[in-house]
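Put together the whole structure using the sequences plus the hints.
2 protein chains.
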Amino acid sequence: MKVLVTGGGGFLGYRLARALLEKGALPDAGDKSTPISQITLFDVAFPGDVDARFKCVKGDLTDKALVEATLGGDTDAVFHLASVVSGGAEADFDLGMRVNLDGTRGLLDACRKQARPPRLIFTSSVAVFGGELPEVIDDGVTPNPQGSYGAQKVCCEYLVGDYSRKGYIDGRSVRLPTISVRPGKPNLAASSFASGIIREPLNGVAAICPVGRDARLWLLPPPKAIEALIHAYELPSSAWGTKRVINLPGRTVAVGEMIDTLRRIAGDRVADLIRIQIDPLIEALVTSWPACFKTDRALKLGFAAGQDAESIIRAYIEDQKIRV
Amino acid sequence: MKVLVTGGGGFLGYRLARALLEKGALPDAGDKSTPISQITLFDVAFPGDVDARFKCVKGDLTDKALVEATLGGDTDAVFHLASVVSGGAEADFDLGMRVNLDGTRGLLDACRKQARPPRLIFTSSVAVFGGELPEVIDDGVTPNPQGSYGAQKVCCEYLVGDYSRKGYIDGRSVRLPTISVRPGKPNLAASSFASGIIREPLNGVAAICPVGRDARLWLLPPPKAIEALIHAYELPSSAWGTKRVINLPGRTVAVGEMIDTLRRIAGDRVADLIRIQIDPLIEALVTSWPACFKTDRALKLGFAAGQDAESIIRAYIEDQKIRV
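As they're listed, the protein sequences go chains A and B.
Just so you know, we're using this note's numbering here: the first sequence kicks off at 1 and counts up by one.
Just so you know, we're using this note's numbering here: the second sequence kicks off at 1 and counts up by one.
Any given hint could be a false lead.
No distinction is drawn between identical chains; accordingly, a pair holds when it is met within one copy or between any pair of copies.
Within a straight-line C-alpha distance of at most 16 Å, the following computed EDC-like cross-link-like pairs (lysine to aspartate or glutamate) qualify [claimed, not checked]:
{"hint": "1", "residue 1": "Lys166", "residue 2": "Asp92"}
{"hint": "2", "residue 1": "Lys300", "residue 2": "Glu234"}
{"hint": "3", "residue 1": "Lys166", "residue 2": "Asp94"}
Worth flagging that the hints you see were computed from the coordinates, not collected in a lab.
The structure displayed is predicted, hence computed values, not measured ones.
Below, the structure written as structure tokens:
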């Protein structure tokens, strides 16, 4: 069983790869647990201390020949996380289209060339939703993205669906909530602050919050996101049927609640490091995303429920061994 | 005001172009009625007797340079009808992806290069719907195509939406019902029979119906489709808001009702020319499309209601000056 993780040099991709390494096995096309013989990470860059048990391929997702060579014709499992993030795709339309849409399509086409269709997890996003939305997003709400990132993601969901229907892959698209708290550095994701306002103050660094206290997000901590991606993979094909995309459970958390919870856990000195300074572009994008979901289908399919603000912050503190 | 009709050599595109010629004017970007100075038809082939007032460009939609040259940098109105039909896109996956997805994207990119963003009508289809569906499709039902044609159409709808949001075009996607009765020859559309079972017998020719009498379709006669495309164009941008796609009104008609109505209008000798001979592939595709819609939004936006089986058949008889 060969596994490919695109975006494997990124925070979530690398975490996922380590979880798979620890797990050691995944179901094959016949849903029989099979030992993992190789995990390949594909990304534009890697952290310095990558575990030697991974095979790393450095390159761009738009390099079709490299993607095909990396897949190697005999990959069984693909976790496709590589992506230009929301803020990046909005700032550079062509780059977003090239990487998020063409790159994904190139990967799907490479999968299609294999004799054995791989099982593929595509990481989509709550950013597919936008425009006039109901108060609660249930499984029947139609995506209407108000950002190019979301538009590219939803196109890819439909491609994953059609390639699956044709039998070229066994694909499943998972709409990730905003992941918080991510360790490391801020990135171009419009939601980057949702980690930054917790991470930076806990590290003694000032953090700017570009949206107001009332802004709400649909959040999921990293370990739960990893679990969900693996669960999406392990479900048998029949569980997905003709609907190859799912909204993941998470929790509705207001920015103010995040800040107040951090204050309660880590004290005023930490929480006072957060300064609200509205960035209209980021606020527009972030508040176009829905913050409240009813994820009946996911819960029925065995995906775990989300976690509250306190658990989200405490998970980060424990993970990073921070003393508060 | 320069107008481009892709698929302008096809039945619907050419009809639309003639209607625009007769109309003589369209609203400009500021919704002010403006005389049409030129109508360009773009297609892979043209009928022999094209009106000399049209400028015809013969070529493939995937030829980016030609599409851009045809647009010419100063086109105000684009009606994008060119497409590989449903049966064709299902039989040749690569061809469908290339023409329906890449071709449309090339056109959108060419539009984007213009100094003045054109207003663009994209012809989508009820084929975007499929899978487990409610009995009645209202404006809230999420596309879940069970054919590559529908998947390509829905991807393009999202691209049209995002290019519009970015201000690159003022786009509107119109989901056409099955158009019946089309004159001319059968084509590779899985729904081709919906015209053939009326057209061929009325012309004294035997017709094979590849689906059972109970199969139902959401139908619209050609003149109503043309009207709807022009109406979609004439609506001000504000009427579309953030939702750039619409389900068109039509009428639910069972195949048996079509046959019985033809029998009543044209007699047994004509209707007896129809023979039902199930084609499982066509039946699967056609019955995956919904046949019953509740098109509140379209009716509210002033699109005309559909017509019943008798009106549909009589419209064809009158249009073709057939004696029954």
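Problem set entry | Non-conforming hints, listed in increasing numerical order | The structure conflicts with no hint, since it agrees with every one listed earlier.
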